Amino acid sequence: MPGEMAHHPQQRQFNPYSENGGTILAIAGRDFAVIAGDTRQTEGYSIQTRYAPKVFTLTDKAVLAVNGFAADGNMFVKKVKQRLEWYRHAHAKDMPLRAIARLIQTMLYAQRFFPYYVYNILGGIEDDGTGAVYSFDPVGSYEREACRAAGAASSLVQPFLDNQIYFKNQKAAPGSAHPTHLPLSTVIALVTDSFTSATERHIEVGDGLEMYIVLASGSSGQGLEGVKGLRELSTKGEAERVFVIRRDLKKD
Amino acid sequence: MDHFPTNWGRPRNEKHDAYNTYPLHDRPYNGPKDSFAEGVQRTQQPIVTGTSVLAFKYKDGIMMAADNLASYGSLARFKDIQRLHPVGSYTVIGAGGDMSDFQYIQGMLEDLIIEEENTAADGHKLGPAEIHEYLSLVMYQRRSKLNPLWNSLLVGGFKDGQRFLAYVDLLGTTYTSSTIATGYGAYIAQPLLRKAVEGKEDLLTEEQAREIMEQSLRVLFYRDARSLNKFQIATITAAGATISESRTLKTEWAFAEGIRGYGAQVQ
Amino acid sequence: MFRNTYDSDNTVFSPQGRLHQVEYALEAVKQGSAAVGLRSKTHSILLALKRSTGELASYQQKMFRIDDHIGIAIAGLTSDARVLSNFMRQQAMGERMLFNRPMPVNRIVSAIAEKAQVNTQEYGRRPYGVGFLVIGQDQSGPHLYEFSPSGISYEYYAMSIGARSQSAKTYLEKHYESFMDSNLEDLIRHGLHALRETLQQDKELTINNTSIGIVGPAGEHEKGVSAEGSFRILEGEKVDPYLKMMIPKETNEGAGRTAAAADPAPGDEDVQMAE
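Chains as they are written, first to last, in UniProt numbering: chain Y, 1 to 252; chain V, 1 to 267; chain S, 1 to 275.
Derived by calculation from the structure, the hints in this document are not laboratory data. None of the values given here were measured: they were computed from a predicted structure. Treat the hints with care, as some may be off.
[Said to hold, decoys possible] Ranges between beta-carbon positions, derived for each pair:
hint : chain 1 : residue 1 : chain 2 : residue 2 : range
1    : Y       : H89       : S       : D240      : 35 to 45 Å
2    : Y       : A110      : S       : Y123      : 32 to 42 Å
3    : V       : G73       : Y       : H89       : 11 to 21 Å
4    : S       : A227      : Y       : P53       : 11 to 21 Å
Every residue gets a Cβ at the ideal spot worked out from N, C-alpha and C, and that includes glycine.
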């Protein structure tokens with residue numbers, strides 16, 4: 001309708017944002033946290049690369065997953081890492097998890113009127129030794145949770161987690177209660193299933209899975225033995241231990 | 001990756017300018033929007049554009065190719081333009097998108113290399129990874145000022161026994177992969193490259209790589225209306241970077257006579 | 001104290017062609033407790049003597065981490081050192097932001113030297129009152145540099161700065177040829193021997209007054225060192241195994257003793273004009 005165009009001039013403004021697909025997910029246990037993401041990066045219907053990490057270790061006990069607009073995500077992680085380095089210079093120790101969470105909220109909100117188009121999920125071990133997950137929206141609103149999924153397939157994964165972690169719509173057997181914390185082996189199985197399922201049903205998810213596991217000091221790590229593709233990242237004999245599991249996901 | 005640089009950085013919308021005559025007609029209103037906007041004009045659209053760049057890893061390093069065409073909308077305006085450019089001792093960059101922005105980038109990198117290699121002259125030379133990091137920072141900063149450099153760039157190189165191939169565009173989006181194609185090449189050439197290269201990066205000889213590259217360029221030339229069958233191929237290996245002279249591909253169009261089923265003709 | 005006619009500001013040369021203010025700044029470095037640096041093919045190390053103002057006080061900080069691959073030991077005004085090391089940290093992190101690479105060690109040293117030189121030439125400024133030994137590793141291996149308030153920087157096989165550093169230097173000059181092929185433990189032992197030469201008569205190196213800084217792969221007594229051999233500072237109990245490795249001074253060939261005896265300075269207040 002050319003006539004109408006004259007009345008409504010086309011908006012051809014530069015759009016500084018894009019969406020690069022993928023999904024991230026984190027689950028907190030009693031003395032561990034699992035933070036995972038797929039490694040596909042897309043734009044539109046194209047796969048840009050099959051390996052672009054979305055999950056990053058920040059300290060010996062904090063892992064950050066970033067999803068949304070990849071350029072913003074990478075820049076954000078870079079800036080968080082530099083802030084943490086300054087904290088190390090000033091205090092000669094790593095920033096505690098809850099402080100990193102607040103730092104991330106401040107950094108996100110500082111960009112309130114030109115936001116980082118990213119959903120962050122922070123996982124790790126608190127100073128009291130408990131596993132923790134913090135989830136953020138792009139402008140910094142955040143809360144501590146037991147689990148959270150974000151990204152392209154979050155609407156597929158989150159209901160699954162609600163059911164399997166929070167036991168929503170499940171009744172406990174008479175005379176028993178739902179467990180408050182799940183064992184590591186169960187959590188790893190849930191994460192793996194979440195991603196294989198998301199890969200089946202969402203075109204922007206697939207190629208590879210990176211699952212980071214942070215164990216609290218003194219945690220046995222029971223449930224990790226014999227896991228395929230497992231590698232320990234902590235080498236310095238820290239109290240907390242970090243592992244990564246790398247798996248292939250379907251590439252179609 | 002969108003075929004048309006005019007559409008990059010814009011919300012996806014198939015409705016307008018379906019025939020891609022843009023920017024020759026229907027220019028957007030670029031005049032003052034308010035009393036402050038007067039006198040400040042930022043890049044809202046690319047003008048003289050280059051199309052796809054292809055690159056992939058092979059046994060000895062990186063092979064990269066781009067044709068010699070710079071288009072003005074649908075007009076094949078300049079047919080002897082270089083879209084591959086060496087940076088420092090170990091790197092070649094290739095560009096699609098706005099050619100004036102690309103020339104600005106060349107100048108900027110030239111200054112950087114003079115500063116890093118000639119002024120410092122301490123043996124700590126910039127490799128492809130450093131140049132890519134620097135470029136992506138520049139691209140991201142410019143997009144954050146809403147004044148983008150309207151390009152999609154490939155950075156390929158070889159340093160300290162390591163191959164490097166990465167992408168960065170006007171949004172600051174980056175990634176690395178063993179095969180990358182920008183522009184229309186992302187649709188046409190990338191699948192061909194992935195099939196030919198993925199898993200064979202350490203086996204392909206230069207000869208085989210060249211064969212794959214030429215075949216991809218040929219298909220692209222048949223399908224991409226903004227491409228040219230005159231191109232250059234760069235190799236970056238342990239021996240350094242070389243960018244070939246322009247070569248012209250032999251193409252065959254006789255078969256087109258026999259094609260039926262789409263286009264203008266009915267039967 | 002000395003007092004010269006041409007020393008009231010740093011922009012005026014003395015008739016002898018000297019800048020007295022700059023030389024006084026070099027004196028400030030000599031007032032600080034000593035720091036020693038050594039280099040081998042695989043490691044660069046720093047050793048420093050920490051002072052304490054008394055039984056009730058803590059010991060001063062003599063070493064700063066600049067980045068994973070760079071660290072410094074200081075002699076002179078600690079507050080000036082904090083300003084400069086902050087600048088170095090900024091430079092190092094800027095390099096990581098811009099190029100995602102560790103800053104080449106020579107460049108970070110040149111950067112502070114350039115900064116210090118400005119203070120020796122512009123009116124209304126004062127030179128920094130602190131000297132550094134900078135160790136680091138980059139693509140070209142481990143390095144040791146000295147930085148001084150005059151704006152000069154040099155690379156060394158081994159070097160010492162601070163009070164009575166001449167005694168340590170004498171020790172280093174005698175032994176430096178063996179440093180390149182030394183392992184970390186031997187290198188540290190040499191460093192401690194050199195540092196010991198700077199002590200006053202009745203003092204000795206203890207776990208409280210000794211700091212050791214290292215870049216390079218983990219040594220025999222070390223645990224929890226990253227694969228890249230990042231810069232780390234050893235203090236307190238961690239220094240103990242190295243102190244135990246030292247050869248007691250009496251049985252030590254006697255070379256150090258003569259050097260110490262040759263040192264005319266009796267106290268910490270030894271002030272000499274530069275030659």
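Non-conforming hints, listed in increasing numerical order: 1 and 3
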